[in-house]
Amino acid sequence: MFARWIFCLSLLALTPMAHASVVSYIGSKQAKKEATRWTLAEWLEQKKNIRLMDYWLAANTTPNPLEFYVSGSYVQQTDPNGANDPLLTSGTLGFFYSIVGLEGRWNQIDTVDLSWQAALHLRLLGEAEQSSRLSVFYGLREQKNSTQLFSNPLWGARLSLYLFRWLGIEGEYRSYLEAEANSGDKLSESQSQGGVFIEYHALRLYSHWYNNEATTTSSGTPTVVETKGLIYGLKFFF
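Each residue of the sequence shown is one higher than the last, beginning at 0 in numbering that gives the first Met the number 0.
Hints are computed from structural coordinates only; laboratory data are not their basis. In this text, all values refer to a predicted model and were calculated from it rather than measured experimentally. Don't be surprised by glycine CBs; every beta carbon is placed ideally from N, CA and C. Check before you lean on any hint, since a few could be wrong.
As the list claims (entries may be wrong) - The calculated label-pair distances, taken between Cβ atoms and stated as ranges, are: (1) F163 <-> P64: 24 to 34 Å; (2) E177 <-> L204: 18 to 28 Å; (3) K47 <-> K227: 14 to 24 Å; (4) A156 <-> L43: 31 to 41 Å.
What the hints assert, rightly or not - The calculated DSS-like cross-link candidates involving lysine-lysine, where the alpha carbons are at most 27 Å apart (straight line), are: (5) K185 <-> K227; (6) K143 <-> K47; (7) K143 <-> K46; (8) K185 <-> K143.
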């Protein structure tokens with residue numbers, strides 16, 4: 000009789016533990032089933048997302064994915080007082096494969112300041128560079144003057160919009176993040192430009208307004224210099 004009571008008490012003690020174990024096992028098994036369960040609603044949503052991705056690729060890619068372009072321009076800058084600054088000349092060489100591109104550029108102000116820059120481009124909208132398109136870019140600029148060398152990370156965006164097959168508008172914003180020279184001086188810049196272009200086959204002639212704001216910090220004191228001007232240039236696609 001005593002042994003029977005001991006057995007019953009043992010069962011009562013083990014019942015909550017067994018119940019919890021069973022509940023945990025069933026819950027884990029159900030979670031795995033739900034994770035792998037196929038539903039019509041999820042399939043339709045996935046199909047919709049794939050269709051949107053296919054549409055974007057079709058709208059922003061071209062059967063001939065490789066493009067090259069070269070351009071040259073000059074800027075007659077003026078300071079805020081209206082005086083003419085030295086002439087800025089610039090050259091650009093770039094190529095795109097599908098929506099990814101690489102561009103190199105050099106700028107020179109007379110024979111004093113010289114800069115080189117390279118940037119990786121990503122075209123978000125548009126099927127070619129010679130089309131209405133929007134792209135963003137990130138890269139590095141090295142600017143050298145008579146005494147100092149600055150290495151500025153850069154980023155920006157570029158937009159072109161065709162109004163007619165031969166006429167369009169375009170604009171660009173470019174930011175040079177702050178960099179420090181060996182002397183301890185710091186330099187940061189922001190540039191914006193925009194204007195119109197005329198195109199004949201592979202040749203584009205353009206004219207833009209131009210604004211540049213440079214901040215130089217020396218001995219803890221910042222100095223801001225703003226220059227404006229007009230850009231005249233040509234660009235060749237091949």
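Checking each numbered hint in turn, tell me which of them this model violates, lowest number first.
2, 3, 6 and 7
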